[in-house]
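Engineer: Taken in order, these protein sequences are the chains called A and B.
In the working numbering, each residue carries its 1-based index in the first sequence increased by 159.
In the working numbering, each residue carries its 1-based index in the second sequence increased by 448.
It is worth saying that the hints were derived from the structure and are not from the lab.
Among the hints, a few may not be true.
Said to hold, decoys possible - Straight-line alpha carbon distances no greater than 25 Å define the calculated PhoX-like cross-link-like pairs of lysine-lysine that follow:
1) B:Lys712 x A:Lys245
2) A:Lys428 x A:Lys560
3) B:Lys659 x B:Lys679
4) A:Lys548 x A:Lys516
5) B:Lys559 x B:Lys607
6) A:Lys400 x B:Lys711
7) B:Lys711 x A:Lys245
8) A:Lys514 x B:Lys623
9) B:Lys711 x A:Lys446
10) A:Lys428 x A:Lys450
11) B:Lys607 x A:Lys538
12) A:Lys281 x A:Lys324
13) A:Lys193 x B:Lys712
14) A:Lys193 x B:Lys711
Owing to the predicted nature of the structure, the values given are computational and were not obtained by experimental measurement.
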Amino acid sequence: MHKIINDSVLRFMTCGSVDDGKSTVIGRLLFDTKTILTDTLNQIEKTSKKKGMTDIDLSLITDGLQAEREQGITIDVAYRYFSTGKRKYIIADAPGHEQYTRNMVTAASTAQLAIILIDARKGILTQTKRHTYLAKLLGIKHIIVAVNKMDLIHYDENLYNNICKEYEEFEKNILPQNAPINIDFLPMSALKGDMIVDRGTSMNWYKGSTLLEFLENLDTSNDIKESSLRLPIQFVCRPRKSADEKLHDFRAFMGRIESGFMKVHDKIKVLPSGYKSSIKEIRIGEKVIEKAIPEQSVTVLLSDEIDISRGDMIVHYDDLINVSKEFTAMVCWFSETALSSNRTYLLMHASQTSKAKITAINFKVNISSLASEDATELKTNDIASISFKLAQPLIVDSYTKNRGTGAFIIVDESSYHTVGAGMIE
Amino acid sequence: MKKLLTHLDWLESEAIHIMREVAGQCSNPVLLFSGGKDSLCLLRIAEKAFRPGRFPFPLMHIDTGHNYSEVINFRDKKVNDLGERLIVASLEDSMKKGTVVLKSNDEPRNKYQSITLLEAIEEHEFDCCIGGARRDEEKARAKERIMSFRDEFGQWDPKNQRPELWDLYNAKTHKGENIRAFPISNWTEMDVWQYIERENLELPAIYFAHKREIVRRSNSIVPVTEVTPVKDNEVIENIMVRFRTVGDITCTAPVESNADTVKKIILETASTSISERGATRLDDQVSESSMELRKKEGYF
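Isolated chain B (complex conformation) (with noise of 0.2 Å):
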């Protein structure tokens, strides 16, 4: 008799139990839905999750305006293809307000997000914020709860965090409080690759291997763009190039691949030596804290 799930099955279960927890135990969460990978293995387990019946609970996307037209094509196809709520938190809207304020014009908004978001659970009064967080990404992540509990101002105190053992979740909030709830905390970036494969998802085009324009700047690739010029003496190249996360564009650099399916992104994945933030993620390059002050701050 079959006694142990595999891992994906594992790690699928434990996912659906987290978000039936939250739809539970909750009265108003949100799903946060980027169009990114991560976000779209949350949508299959809710799918797994919920149907017949509808999500429990509306998707929303914060956009900080500087996107890959692939990605918000992709969102909004998907939205409707699942018959589901999407709202869209704009930081754009936060800087008409003046609650986000850039320092200059081609600073990169990653971090202003936090803003937009905390706004948007204010506005919409959600208790819980489902998030496509990965505890492998970085270290500050390695020690967040499953249900990690913020306060009235977002902030997450590492120190004073409630204790989560067994499979029990204390989703439990005030008024103005809220909990980040991530369903994949148990998974890797290889675990993600995998379960896409599995599943046969579908993912915006850009994270397979294309051409694309880029320079080279201090050890990363940054691809020629509108919100990302040319800077004087760099010199383009035009390489076939896959993208590790996708996110706002002035922090989300490509890697060099041939990789264009699921299958070779795996291989690839297996071999390779550098982590998918250190790779990829300019905003995280900038101290070994950024992370940890980022979510003290109220980021997911």
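Okay, chain A solo, but in the shape it has when bound (with noise of 0.2 Å):
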């Protein structure tokens, strides 16, 4: 039975290798929180009898695409839903091989809790510490650190706390160090279904939460630390054709918050061109509304009349915000096609687009040791300190201090493939 109604939404990723019982643990939400559906579940089964097993193998829940089937392997991000009631979920799935780092920081750019799965036999591995790293890097306030396959360690309880123990200690050290984050640790048997929706019995000297009350009771409300106004502008409404005469003149500026409030009559001005004004009106769709919350898309109405076009940003007039023609960013490359500092790159960033130069590049990251390397060029999967250089100013914040104005993604000017991502320093 799905629960009907959801108070907010909660977007989280899992990490970890098919070995660590991912696909197991996302099945095993899905399944105790009867998300899976008869027809669905059917499927599975007659699947899980053709591979000769007994049980009903709930990693095939996210098998996706027939390519990956036949190959036995996740080649993308997948998106899965479920909700409780108090709350509407959003798993952004990630595979967790080494060569698809792109796929987890994809996965991590949207997610405000990251599931770190350890296998509670091999402890803590390099992958762990890549992931922690990333999940680290795009910016995730709020990790999970799961210790699964308990059930094959006899659900010992000095084991789970030398793991964890293991983990405090290399967390400390791993960058960057600057942004506060919230860690827990549960151990669990996701093939069980121990300490998933259900305690199980076998694991009574937890008393800590299950992995879904975690979920449940996670509190996101204060991850935005920039209370600053953002709006980016995306579009300009002026119907001046329209059979209404009353909306000849009308001009309205529509974009959604990325942080901060926004109130009538408060006084704004708009960058870059430094012009100020006020806050006249602001409506969702056709009602008006006094005040304006983060990521509500927005219709405002100023009370003077100035010029303002798609990829401007309205921000409360006395905002200290950088317009800036360079800076430096950790960049995550995608593309199979090397990245060349002789060329010319497109950057996206909120509702503008500006064409971009590498001025340097700083530094790599060796993802497995985690160590800062010297670099010359920049391959797939590489993440990077990159040094950049516009033609055109763009309106930005640290993507430490704002994820929706310190982030942007890097587009081949002749293919249109996006080939990078970047956090701003």
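Combine the two chains into a complex, taking the hints into account.
Structural biologist: As structure tokens, then:
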């Protein structure tokens, strides 16, 4: 039975390889929250039998494309949904292999929480460090370290505690350290269903929350530290030719609030021009509202007639945000074609686009040791610090302060493919 | 101070943002409108995104010629009420031109929609089609981007999709290439019904429980119509049904139901044990990868 009312949305990702039982964890969450319907279950049962298994293989729930089934791997990020009545959940299911850094970065970019899976038999591996690094780099504020396959170590409390201790030790040393994050631990067995939705009876020594309880009770209301108003303008509404004559001088500005709050009568300025005005009216569709909150898509009318176009940004009148033609960013490179310092790329940021040149590759991060290394080129799945020079100024914050105005994607000028993503320092 | 949006507000806001990105980035987009519930949500979102202005795109229906008349009447009334422009691209025109060749007269026409769609894209030079597909519908959809790139042949290449990060969408195309934009990707069937209830959206009558002549054919309920006639040895029953999806008659089946209001449908959706496509799409039951294959061929 699906639950009907949901108070909010929580987006999370799962990090781990096939061997950690990642698909089984997601399958278990969906199965135990009764999200999987009979016809899908029948299909999975059939496939499980075909593979010679006696129990239903829950990992098949997240099985995707024909191409993946044939190769027995996961190619791409998949999105799954369930709801509990309290929240609607969006899971970004990213494959965890080394060559798929790009998928993890993609999944992490929209996630508020990461579940990092550890195989209880193997403890902390290089990939655990990699997953933790990427989650922190992408600004995820909440991590749940889930020690899975407890059934295979006889639900041993001491072994579990040792893994947690070891994790806490190394996590402290993983950059970036400037972003405070909240880390929780839990032991579980996805296969047996212990501590995911139901507690089970095998780990009575564990008094903490189940995985679902962690998700249900997570407080995300303080995640957006940056309270300054950021409203990138996506579209300008000027219905000059409308049959309604009153609309001939109508001019409204449309966009989604990336951060901060906006009230009627607030004094604002428009960047990059710097023109000042105040908020005359805020609408959502036809409904007039007094105050807008982060992530709301609004239509705004100003008290003065000023020229605003797509790519501009509305901020409070005394804001000191950077309008910059040069910055340094941590970049993840996606393309099979290496980054070339001689080429010009397009940067897409909020609702702006600018041409950009690379002025320096400062260093590359060794994704296994997490050490910085010298680099002259960037290949697929590389992560590096890069300095850019832009043709048009962009209105930017540092990524650690503001995900919405600190992030950009890099687009190849000739193929138009998305070749990289960056987080501004 | 209230800091977080409720789930419907969040989903709506995301969808408005996506539609405005299409309008801001693409030079000639179109919104695919079938008269079905998902595309009716899209129209409501377009109103919230662009009113009091007009929509910065026309609407287009890919018409297989096999429609319930209630749906077509509803479609035309809705377009008229909105005062927007509707383009009808007809599969039967493609048949006349010889670009769609049916293997037999009673063959389901759903998969041929791709051909008519691609022809219309070429004729009108659309660089983006906004559609009402959702990731919860089907596993190939679960992996598709919100702005999904298609090459000159309309093909989707799951292994070579553009990475999509944060809320930054890359809708850039060369001439002939195309973006399929899915603003309600993150909605589930339940979200759609809750949104319909909250926004008080009107729907074609066949979404609500009504008496209909049907036959039972291999686990499905098949409505008796001109294009889906009774076969020998089949018994016609007159029962209460409703449609969970609306599309080409030959591939859309109703479910048994007494739910005649949105509220009752929400309750029924909450307790159903069969997925939307599993129950009602005759075309997806053919193989485990039907949708993946159709999408590779240009289906939206």
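Engineer: Run the structure past the numbered hints and jot down the numbers of the failing ones, going up.
Structural biologist: Of the numbered hints given earlier, the structure breaks just one, which is hint 6.
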